[in-house]
Amino acid sequence: MNSGLYRKLRWFAGLCMAVVLTSVVQGECAPAKPKTGGTLTVGMELEFRGFDPLKANFLGIADRNVIMAVEERLFDMDAKGNLVPELALSAKPAKDGKSWTIKLRKGVSFHDNTPFNADAVVSHWQRLLDPKNRYFARYAIEPIDTVQKVDEFTVRFLLKHPWAPFKNALSAPQSFAVFIPSPKAIKEDTLNRVPIGTGPYMFKEWLPNDRLTVVRNPNYWRKGKAHLDSVIFRPMPDMQARFASLQSGESDVIQTDRGASIVQAREDRSLRIYTSDTGGAYNFLFNTSRPPLDDARVRQALAHAWNQDLLLKADYKGTLPLAKDPFGGLINCGDSAYRQYDPAKARKLLAEYGKPVELEMNHTNTPRGKEAGEIMQRLFKEVGVTLKLTPLAEAQLSKRGIGGEFQITGWKMMDFEEMGPLLKGNLSSDSKLNFGKYQNPKMDALLIKQEMISDPKERQKALCGVAKLINEDAVFLYGGGRRFHVIAKAGVKGIDNIRHGVIRVSDAWLDK
Amino acid sequence: MSGADGLLLDIRDLTVELRSPGGLIQPVDKVTFSLDRGKTLAVVGESGSGKSMLCRAILGLVPSRGSIVFNGHEAGRLSAGVMNRIRGRDIGVVLQNPLSSLNPVMTIARQIMEPMRCHLKLSKRESREKTLNLLGAVGIPQPHERMACYPHQLSGGMRQRVAIAIALACDPQLLIADEPTTALDVTVQAEILGLLSRLQRERNMALILVSHDLGVVAGVADDIAVMYAGRIVELGPTGALFARMRMRYTRALFDAIPRIDEPLQRRLPDIPGQPPDFSALPVGCRFAPRCASAGEICHREYPPLTADNADRHLFACWFPCAGTEVGR
Amino acid sequence: MVFGRAATVVWKKLLHLLLVVLAVTLLTFVMTDRLPADIAAEISGRGATAADLAEVRERLGLNRPVLIRYASWLGDVCLGRLGNSLATELPVKESLRSHLPVTLELLFLSQLFALLLALPAGIITAWRAGSRLDRLTGTFAFACASLPNYVLAMGMVMLFSLKFKLLPATGYTPLSAGLAANLKGFLLPALAIALVEWVILMRVLRTDLIATLKEDYILLARCKGVPAWRILLVHALRPSLFTFITVLGMQTASLIGGAVIIETIFALPGIGRLLVNAIFAQDYPLIQGTVLLITLAYVLINFLVDLCYGLLDPRLRKVADNG
Amino acid sequence: MSGNGQKYLLQVENLIVEFPSAQGGRVHAVSGVSFDIKAGETLGLVGESGCGKSSLARAIMQIPPPNSGRVLLDGVELTSRHNRELREVRGSFQMVFQDPLAALNPVKTVGESVELPLRATGLDKKIDVRKVAYEAFAGVGLAPEQYFDRKPAQLSGGQCQRVCIARALISRPKLLLCDEPVSSLDVSVQAQIINLLHDLKQLRGLSLLFISHDLAVVKNISDRVAVMYLGRLCEVAPCTGFFLAPAHPYSSALIAAVPRPDPRQPGGISSLLGSELPSTITPPSGCRFRTRCPHAQPLCAEVQPELLEISPDHLVACHFPLHEEGRC
Amino acid sequence: MADLGRKPGITFYLACGWLALVVLCALCAGVLPLHFTLDQIDSDHLAAGPGGAHLLGTDAMGRDLLVRLLFGSRVSLIVGSCAPLLGLVVGLLLGMPAAWCRGWSERLIMTATDVILAFPALIFLLVFTAILGPKLITITLGLGLLLSPRFIRVVRANTARFREREFILAARIGGAGEVSILLKEVLPNIMGPLLAYTLVVTGYVIVVEGGLAFLGLSVPSPAPSWGGMIAAGRDVLEEAPHVVIFPMATMFLTVLAVNLLGDRLRGRYERS
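Going down the list, the protein sequences come from chains A, B, C, D and E. Taking this note's numbering, the leading residue of the first sequence gets 1, the next gets one more, and so forth. Taking this note's numbering, the leading residue of the second sequence gets 1, the next gets one more, and so forth. Taking this note's numbering, the leading residue of the third sequence gets 1, the next gets one more, and so forth. Taking this note's numbering, the leading residue of the fourth sequence gets 1, the next gets one more, and so forth. Taking this note's numbering, the leading residue of the fifth sequence gets 1, the next gets one more, and so forth.
Here chain A stands alone, though its shape is the one from the complex:
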């Protein structure tokens, strides 16, 4: 029962252009005046990995929620892509665009009473930038050369070259680097199990597989925030158990992507559903380096044999959007030459290929992975393709995916709002992250073009070109777009913003 969700969103933190398309809130408008007190229990999808960037490597979907409660960023980013000051007051780029000077907030201290100052920021960033430390996602912040202390409350980020996504690098909640931990905790090497930051809540205890508790920070610098006495984060990998805990009252709010729960919650007047769409997609990778999937006709045939609609209907009960491109609606590319379900066409393409096609797919050993596999198996069978299913534990699936030991494998594209860098990593011929081993000079050209061009319209065109080529060449299959769901009791307020699946407990309060 090690959930397939284990890995759901475990990728390196990225560079994002902050464009959020939707943040739909169903339910009545929150009353103005938050109430203080109470304990909020949050049902998480996964057990926490840890909070030291060097040890945990990346933020899982559950970890994001905790770290956001305990630690803070220099800036938040609003829906329009503007920086919103948090621990910093302002950020000014140099004229040449190769450095940013950032003024820090004064009078803030960490939970362990270490004062927050330039040293805290510099030591944290320098630690991640130091090649010796082998910070796993260092390449994602590679354009940053160094971080300097200017004075006690001013730091300067020196860049190797002008870098547009720098603002994302300072604020994206998927990234470990943005959260400033206590320098003392780093020095004492306790950070991984005991996160210490400046945030509204202080870490209290972490009982593995059971709960992680945080309590209100009485000295929080932002008065009027942190309404709750404490928050309990409870990892519950079993989807049904998580929803049951909400229904029977052990949880107040849960993360979920289980269609049945969402559909059921819609009927339940005591529950509210919050959703947030973003870039990325669930997908099925083809290993294009080996026959028969090295032949585009076969891949195209499979794309026509595949019925994403059916998957979304049967598996997700229609709670996920259909994905035709990896942009989650943030960029409008039309139909992107998406290959519709068309068995006749698929058969024709296969006939052209001429040889019998037998394939194997790796999927997670979860009900969800199994179901997707079984649907695909049946659909492929209809066009005469035999699909063998191999259920694997998450770690196994990852290993085989990374090692290229697969023909088809269930996969996910991470939830970025700016998909350019990720696409480049995943699809460039020479990229280490190109797990499907896809080689196409035309694709390479498009990917380089989208990186170099600064004109937004041209850039969008290039990205749409990539999306179109993905479909034309059938590089992989889509398994639904990314949409985060959070279900909460009606009494839980102030959690309307769930971008990237994060329940921002600093704003949350209970109206019981």
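You may find that some hints are simply not true.
Calculated lysine-lysine pairs in the DSS-like style (CA-CA distance at most 30 Å, straight line) [said to hold, decoys possible]: (1) C/Lys163 <-> B/Lys30; (2) E/Lys184 <-> A/Lys412; (3) D/Lys126 <-> E/Lys184; (4) A/Lys313 <-> C/Lys163; (5) D/Lys125 <-> E/Lys135; (6) A/Lys149 <-> A/Lys223; (7) A/Lys92 <-> A/Lys204.
Hints are computed from structural coordinates only; laboratory data are not their basis. All of these numbers come straight from a predicted model, not from anything done at the bench.
Could you slot chains B, C, D and E onto chain A? The hints should help.
The following block gives chains B, C, D and E in isolation, referenced to the frame of chain A:
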């Protein structure tokens, strides 16, 4: 029989009916006898003749018809609770196999004390004292040390002595000993029989001694009842019976015993065939199929249990033996 | 000489148990090594490259041969060190310490419920074997035994938690938060296990008790005029408990690491889930530590069962009797 | 029966059987027993239960072989033979057990059980096993048509013992060991079996080792008697002399303990044997009987008496043998 | 427990009848005139209730429940019968010598038994299926091996009872070899209780297979198994309970029937 005041147990037409795979059977069929206080009755017969079932019927452990009058009370009318009180208090029981009839996980002291504490409501100390006396009385050396023993730590003979001590725990008026020596060595058998008759005399108990061996009971019984296929076929005072065995079965049973006072390598006069199956009893005399002198009537009609003359020696045989004295 | 023999018996037993522990842990090492999963991939995440994985493996010492890793692990265990989890870097001891109470409480409560059901039912059905009550109990027991505990758990959650909202559907409340809350959380999972397990306990008890009730010493007890309840509880029960204790021991031992599904359905942080997660992640130190714990528990329970035999039957107290 | 020139069928020399006890320690079941049986002779072996009679019988049968000592059958040593060689000569010495029901496989028909020795030795390929088995059934007085295909549970104890005898005799053995073959049987059936053994002995010239605790039975069937006590032989003598004048105090006590089926001559009580059999794990030093012997002297505790001939063919192991004091 | 020692009652015949039906279904699943194949997706009827074209309704993926139940019985029956049989065979092969030979071989076998019993079954199954792939044969083999120590113990205990029995000695005296004694004298005697135990284990294994499905370790798709259907149906338990109820009821009745038969058999051997 001697006066009514001496009468302890009076059984009339006792019948036990049981369900078996072969249908309804009657392992005890219209058994009638009585027993005076302080007297010994031996019930003798082959295995399967209904001896043990008769004992259980007297104890009320199997459903039975007919009347059992014990000590003036009609036991058949007594409730299960009262029967429970009579069992163990007024009637003591010794079973055949001392290896299996003692609880292996209880000390012998506890097993002996249990009926005292249940029936006589003695305190722990009183019952301990009494147990010590009893152990001495049944001839167990070093009773103090043996109290804490478990049955497996004792030899077969010692265990049977313990079993007797249990039976005597509440000073019963009647002791039923169901083949108390069959599982024992000849040497021990003699001791146990001696012990039983000594205790019976000392305590003025009545004793029902069940055995398959006429020889074993000869020395201790006042009366002997011979059972065959669920019925008493001969009943009489030991002396009279041994003097004149009338029923041919009794005679055959007696003759089949190998005897140490007989000459060497004598061919034993055995009884041919097997005792009948209860589910397929022969018509008429039940022994007739194995009887050398059976006549036509034997196969037709069951002989009544009668006496030749007015004496107490009863037998059920159409063609009784002439009545020569047995023995040398 | 007698003492010498007793000592030999104890030594032999201990040697046997030590051998079991060693064999189980070695087997675990070898088998988990054959798992196609990779802790390096787990640690590195999906974006990792083959070089990253190799680097992580090097760092964790996963490149060494299995037997060498086993030997060094064994050496550490002898020194009382179980190491840290590779995935979380949490000391394995701490993980076990935090998960064990849940498993122990679940185990204790489920076996308690099972006993509470099995003992009276076994005794009554044996006493009244063949009666209508016996057949009714038997049928009910069979119905229980034929239901998988996961189905039972699902059904009970739907009924008691979601419909009537009597009991929590998930989660574990530490004892520190109050006994009532703690017990409430364990009620359903313990029942789900107990309702299936009591049946086999009851059946072996009934069978053995029926056999015991046919013994001569029970007949003698009846002849002694001992009341029925005393015959059952004092005379017959104790000698009839052997298979019962054995089965109870085996069930208990298998529950320590084996209640995964129940723990998952009720989101209980028990040893079973810890182990499965560790296996899926191929987190060697954690797997080894957990298996060591489970094996030790098995060995301990076996030892206790052996001890119980001696308590139940004086004939088996080999050592003490030889004065 | 005397004469040194006569061939010994069975020679047992200094046989020792020991095994670990369940309670710890070693049981000294048989401690240096030597005797012999001539062709056509019947030796009765008597002793209380626990004296090592059955262990001795099994050691002679090599199930399992004794710890030390030799067993010679017809001059051929059995003890040194390997399993396979032993199996080849098994047919010439056979055994009958005490409990006939336990000695038959409950799931097989008795016919199959009887055929087993022939099939096991591969004779079924050469001869008509079924015919031989039918003959064997007839030879023990069972109608083969009626009983051949029955399961043991469908037969009575006596019939089962007949089947066992048929099985033992089907391989035409020269020696038959009977380990208490009648002690679990009723008197009437006991007589049948003893008579059957008598007949077979005469018909086939069998040699018998007849083990029993009942001296009366032994007297009836044996030519010679050997008395065993705690793993050792006390006395070996021809029946005639033995019962008239036992030389060992233990023999005398055993004879005195035999019950006599005569109300006027109760007997059967022997004060000699009141105390318990000592432990076989730690047997007494010197003469093992000394703890229960009325005539024990200090010498008895120190020196173990050897089995010495006091008159022709009459051996006794006692420092102070009785002279003409025995009864009968 | 029902009707011990009596003539077979109605429950006995019902149990036999049900099992016969299940076996028949498993055998004939391929030739029955069914409207759907086992993996055919009816996208218009997702998690549809019973009635209409789908007699028992469809599962969350729109597959016909009846068809899947019929085919699922194959898996449950194969695992449920083969795994215990494998355990039985291993148990006989190792348990009888262990009881017979004593000494070091017994100690070795019993230590190995203890090792497997102490070894967390999950690791064994996970590794086993991870290496050999989650196939029907792998699961059957794995479960059979896991069960074998229990069988070894039962066989050993049952065999040991006969070690010193007189009819065994009699056979030995008759000249029978040890192997032939084990096979011809002991085996027929222990077969009865062993078969009864095997039946009880069969019920247990059918249930366990379902548990494995919960862990994603059951038979590979498209072959359905009852346990897999229950595990998958849990996702839609609230809105379409029939998806779980039908396979659950089938499994329940089958296990119940097997248990009843096993108990009857056991009762028979206990009495004799």
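Each hint tested on the structure:
no. : hint                  : verdict
1   : C/Lys163 <-> B/Lys30  : violated (67 Å)
2   : E/Lys184 <-> A/Lys412 : violated (63 Å)
3   : D/Lys126 <-> E/Lys184 : holds (21 Å)
4   : A/Lys313 <-> C/Lys163 : holds (27 Å)
5   : D/Lys125 <-> E/Lys135 : violated (48 Å)
6   : A/Lys149 <-> A/Lys223 : holds (28 Å)
7   : A/Lys92 <-> A/Lys204  : violated (36 Å)
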